[in-house]
Amino acid sequence: MSAAPSVLDGPPEVVGGADHEPRWLADVRQRGRAAFRELGLPTTRHEDWKYTDVSPIAELPLAETAGADVARDRLRPFHLESALELVFVNGKWREDLSTLRPLPNGVHAKSLAVAVAEAPSALESELGSVAALEGHAFTALNTASFADGAVVVLDDGAVVPGAIHLLFVSVTGGGAPIASHPRVLILAGPESRAAIVETHLGFDGDTYFTNAVTEIRLEEGATVEHYRLQVETPEAFHVARVVARQGARSKLLSSSVSLGAKLARIDVETTLAAEDAECVLDGLYLAAGRQHVDHHTAIDHRQPRCRSRELYKGILDGRASGVFNGKVWIRLDAQQSDAHQVNRNLLLSDDAEVDTKPELEILADDVRCSHGATVGQLDEDAVYYLRSRGIGERSARDLLVYGFANEVVNRIRVEPLRVRLEEMLWNRFRDDADPEEAR
Amino acid sequence: MARDVILEVRGLHATVGEKEILRGVDLVVREGEIHAIMGPNGSGKSTLAHVLAGREPYTVTGGEVRYRGKDLLAMPPEDRAREGVFLAFQYPVEIPGVSNTYFLRSALNAIRKHQGLDPMDAMDFLKLLKDKMKFVDMDQALVNRSVNEGFSGGEKKRNEILQMAVLDPTLAILDETDSGLDIDALRVVASGVNQLRDEEHAVIVVTHYQRLLNYLVPDSVHVLVEGRIVRSGGKGLALELEEKGYAEFERPERAAEARAS
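Protein sequence lines correspond, in order, to chains A and B.
Position 373, counted from 1, in the first sequence is what the working numbering calls 373; the numbers after and before it change by one each time, with no gaps.
Position 172, counted from 1, in the second sequence is what the working numbering calls 172; the numbers after and before it change by one each time, with no gaps.
So that you can see chain B by itself, here it is in the shape it has in the complex (with noise of 0.2 Å):
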């Protein structure tokens, strides 16, 4: 029996300004699933993620997205996120003045309430972070921090892996977050991901290089080309890709033949 679906997204336009970067996306992610989404620079990866997490300068122009049987796209982004929806940024924005600790607290608490709970006290939430600090393995003086400020790159990569394993979302986005990674930091984020593989939950994988997929085994390869998923397939699409390159699905014409196959 096929499992719940989490996400369905049904011919998903979305325009920057005059220009439709998203042209006609369909995808469906059930429970328990990793679905990578793979394609050149300017594909429209990224606008895809943050479609979803609901950035604003993106403007939906056509398609639905249905999250859980709800309109994601009705949904404000604090909403999308209590409801279980979390983002890894390519570029996470760096908060001086508020410290790691506080936001991620916030945060959490936040999606408690929208879900019913109690807030978490300092004292259970230190050590919830601790606990989910050691599998990043982040250091104590970064989490006491203002938020990303001066973190290094792979820092920063290693702060949404801890934030995402601390509010434990349903369905998880990477948007890039395993470029200009080193190999530590790689398998930091697949450790990441990979703790959120079960039933419960489901993860995008957004990648431009097939490397993350060596330490995370992904239930579907989609290939994004020009706004549109050309080409989607198991594990071995990824190889594929890696060897061959992007250059086959770039010509509309090509792209068009790849889709009728």
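Just chain A, with the same shape it has in the complex (with noise of 0.2 Å):
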């Protein structure tokens, strides 16, 4: 009897469909593949992943094709108001549950596979750019595996209305655990923006692996919105890295909103590469039962005048554990740096708990920079300050984790889903009140 495949096993020498692969595509894959067998799965060993154990990822069985589907009705809750959507089911775009709609001029977002086959030399030099290998196991094993993902090219100048929003759906029926690796690409050109949308989801309490990488490619003046929503199954697994390189003057404002999965593991990060260049990084995660959820977040200032804002926000409940890692860099030539970063963490029981870290290098001398972690309870005086208006005890106590998450939340700009993780956090949080009336 042989064993089911593991992630351990990596992947195998010729992945589908590589054989109508172009060359470089099919180097890029080797060289994934080569560094995740050099690399292997990191252990708690590793200082990044001290408080986060990856093992059980890989003792999953894994089935080598998922035996489900999702009908598109299992979708529609999940389908976001937006200039295009786009759905992957198990790591495969799905044209047929997607919505396309006709792109300005100079816009461009398809299916990374779709973009391959059409222009097979054009991605080439850009794939894998962004996202280094050395040291990033997962990132690794996603650049040998991934089957697909969303390429969104920008040309000069332009803007994107609304957002686009990239769906990747897993399931698995209840059987066998399966492995997607989903991949991004954002390429935006100088002076363009962009607001991208990326949730991972799942269904029924399945059990399944996903492992993504996004990466994204601001040119000067660009300005591109990254949110990114988890709400996979209770049962699974999500490793992710999103990981930019910033241009002169450029912005990345970057939410990522992390509810579900047993075990989840986001790094972003972000090379501050030129003059003026901002970014603001924004997280919350809401974790309880026995949920794992571990944020790592790097800022690299390496040029002159160039802002970075963090505002990282947890909530957990039961026994749920929490990690936020918050690593900043200013390098020596890094003058007039501006850094501020913030980790905040609510204990709501007693078993919950949180390991929280700044890592601050700074070589030059001309910068401000902060940061400010903490982990606590509720606040008992605003508590009080309710209470002392007439709202009854419970309902202040839910209204303050409420506030408490809204602050992230109000802080995205894509409308439709700022209110739909408005209603998600109502209903988690209040679940007898009606979100209308908190606008």
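Do not take every clue at face value.
[Stated by the list, open to error] Stretches of chain A that chain B covers, calculated by requiring three or more beta carbons in the stretch to come under 8 Å of a beta carbon on chain B:
(1) 67-80
(2) 388-400
[Said to hold, decoys possible] So the derived label-pair ranges between C-beta atoms look like this:
(3) S349/A <-> E56/B: 20 to 26 Å
(4) S349/A <-> V5/B: 41 to 47 Å
(5) E64/B <-> S349/A: 49 to 55 Å
(6) D182/B <-> G162/A: 44 to 50 Å
(7) Y209/B <-> K50/A: 53 to 59 Å
(8) D338/A <-> D182/B: 30 to 36 Å
(9) D182/B <-> S370/A: 39 to 45 Å
(10) Q377/A <-> E200/B: 38 to 44 Å
[Claimed, not checked] Away from chain A, derived, C-beta distances all over 12 Å, residues of chain B:
(11) R3
(12) R82
(13) N109
(14) S152
(15) L239
To be clear, the hints were calculated from the coordinates, so they are not data collected in a lab.
From the three backbone atoms N, C-alpha and C, an ideal C-beta is built for every residue, glycine too.
Relying on the hints, combine the two individually framed chains into one complex.
Dropping the structure here:
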């Protein structure tokens, strides 16, 4: 009897469809495969993985292909009013489930596999140019294994009205776990603007593994909003890495909302590679039961006058555990950098825990740099304040938890997404009230 | 004929931790009255205000408080508010992520529910709010923001008065609402209090300075020193205090004399 394939086996030498892939892509995959073989899965002895044990991922008895599909109706609650919506099921693009609309001139958004088939050399030297493999086993695994994903290209000055929604669905129908490795590439040309929303979800307590990588390159003056909403099943494993490289005066707004999965690990990294670039990295993680959620962020100030802002908030209940690690480097040349990091955590039970660690390395001398981390319970003064206005104690506490989370959600600029998240928070923390009232 | 008593405080003692802060406060407030409680820093003025509102770290160790005939101290803070007691905080709390409008409507509807009234819908509420905002001279943008978040000191105090105006309490207690305010904001506070000046309401103004009392004329002025009301009088007492300060009350033997007189 042969054992089921494991993530540890890595991808087979010839991946599905590889025979008609261009040579350069085969080379990219080969480099990913080699890096993964060399690195193996990280263990808790690895500093960056100290609090997150991914060994259960290796133990998943993976099926080669999923034994189930998703019915169109089940996706209805997750559609987002958007300029374009690409739906992926178990890692592959599904034209039949997607909503394609004509995009403005200079905006290109499509399935990565389709893009490669249509113009085999267009993405050569682009794919993998932002997300380095070194030290990143899951990125290596994704690079070697991805079946599909999305590519968004914005020409000079192109502007996308509304958001582009990338919906990644995993479904096994209760069968053997599957692994998918969605790959997203966003190339924002000079002075272009776009908002991209990634949603990752599953159904019915299915067990599966999502290993997503998103690369974003922002040219001079480009503005990219990147939102990711992780609502995987409570049995799912979700690993993701968002890596950006920013040109002069570019702006990146990243917001990572992590609500689902048994184990979630999300890395968000950006390099402020030219002067006057700016990034805002926001995050919200809610975990209960025995969920584990780990966010690692890294901001590399390399050139003068860049600005970074970070607000990560977590609410942990039950026996859940959370991790926040925020690295900020300010290099020797990065004078007049302005960096500000905040991580706040709310523990709603005695058994919930969080490990928070800012890591600042500052080599330049003329900088403004601050960070703060808190772990605590609800502010009793605030509870009293609300009660003194006639609001009952239970409602006061619920409202404060909602408000704590909503502070991050309020900063989301894509309205349909913000409204959906407000409703989700409302249902989670205030199931007796009307979300309409909160606006 | 004397008006109905709204609040009756008898021999109130309260401690925080080991420290006794209120040491036998007596106070009777009737409908339509405005009372000023004045006193030096640390005399127990704010403690009295918060004990009436129901703050937890304070422990009542003696005495009683009847509010419209009911045992006020037996009620949790929310029930006191629902029964019509309102405390304007000296240091209003910031609540990120919760809009001022939503917060205030939740509060109003909690009170209305207690009174057996239907909840006020969003449209009617906004109409009411707009009305009340006019006289506190508050910017629409502030109302839509999170509760008190990033508000200046003056804006926070205006927001307290706005809440008071919307919730229309039977008994309003202002805890040093006037401290640190400019003249315009002071006028707003005074006009908020004067709006409540009729036969159904009563107001207790806790203050360190006489200044606010230029704009609202109290029926009674009480001097609180070391946890006791050492002297009560009419509005003239406030002026006298402004002139002479609290020094004469601060030594216990003097305080005893003052009580006897």
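Check your understanding: Just checking, S152/B versus chain A, shortest CB gap more than 12 Å?
Key -> With a cut-off of 12 Å, S152/B remains clear of chain A, as the shortest Cβ separation is near 18 Å.
Practice item. Take a look at whether the Cβ-Cβ distance between D182/B and G162/A falls inside 44 to 50 Å. Key: holds (45 Å)
Check your understanding: Are at least 3 residues of the segment 388-400 of chain A within less than 8 Å of chain B when you compare beta carbons?
Key -> With 10 residues in contact (Cβ-Cβ under 8 Å with chain B), the coverage given for the segment 388-400 of chain A holds.
**Study point:** R3/B non-interfacial with respect to chain A [C-beta, more than 12 Å]
**Key:** holds (25 Å)
**Study point:** Beta-carbon spacing of S349/A to E56/B - inside the hinted bounds 20 to 26 Å or not
**Key:** Hint holds: Cβ distance 21 Å, inside 20 to 26 Å.
**Study point:** Verdict on L239/B as a residue remote from chain A, using beta-carbon distances over 12 Å
**Key:** holds (32 Å)
Practice item. State, for the Cβ atoms of S349/A and V5/B, whether the hinted interval 41 to 47 Å holds or is violated. Key: The hint (41 to 47 Å, Cβ to Cβ) holds, given that S349/A and V5/B are roughly 46 Å apart.
Review point. Is the nearest Cβ of chain A still more than 12 Å from the Cβ of R82/B?
Key: Incorrect as stated: the minimum Cβ-Cβ distance to chain A is 5 Å, not above 12 Å.
Point to revise | D182/B and D338/A - C-beta distance against the hinted 30 to 36 Å | key: holds (33 Å)
Practice item. Note whether the CB distance of Q377/A and E200/B lies within 38 to 44 Å or breaks it. Key: At 40 Å between Cβs, range holds.
Exercise for review: Evaluate the given range 53 to 59 Å for the C-beta pair formed by Y209/B and K50/A.
Suggested key: holds (57 Å)
Check your understanding: Is it true that the C-beta distance of E64/B to S349/A lies inside 49 to 55 Å, as the hint says?
Key -> The hint (49 to 55 Å, Cβ to Cβ) is violated, given that E64/B and S349/A are roughly 38 Å apart.
Hints 1, 5, 9, 12 and 13 from the list above are not met by this structure, while the remaining hints are.
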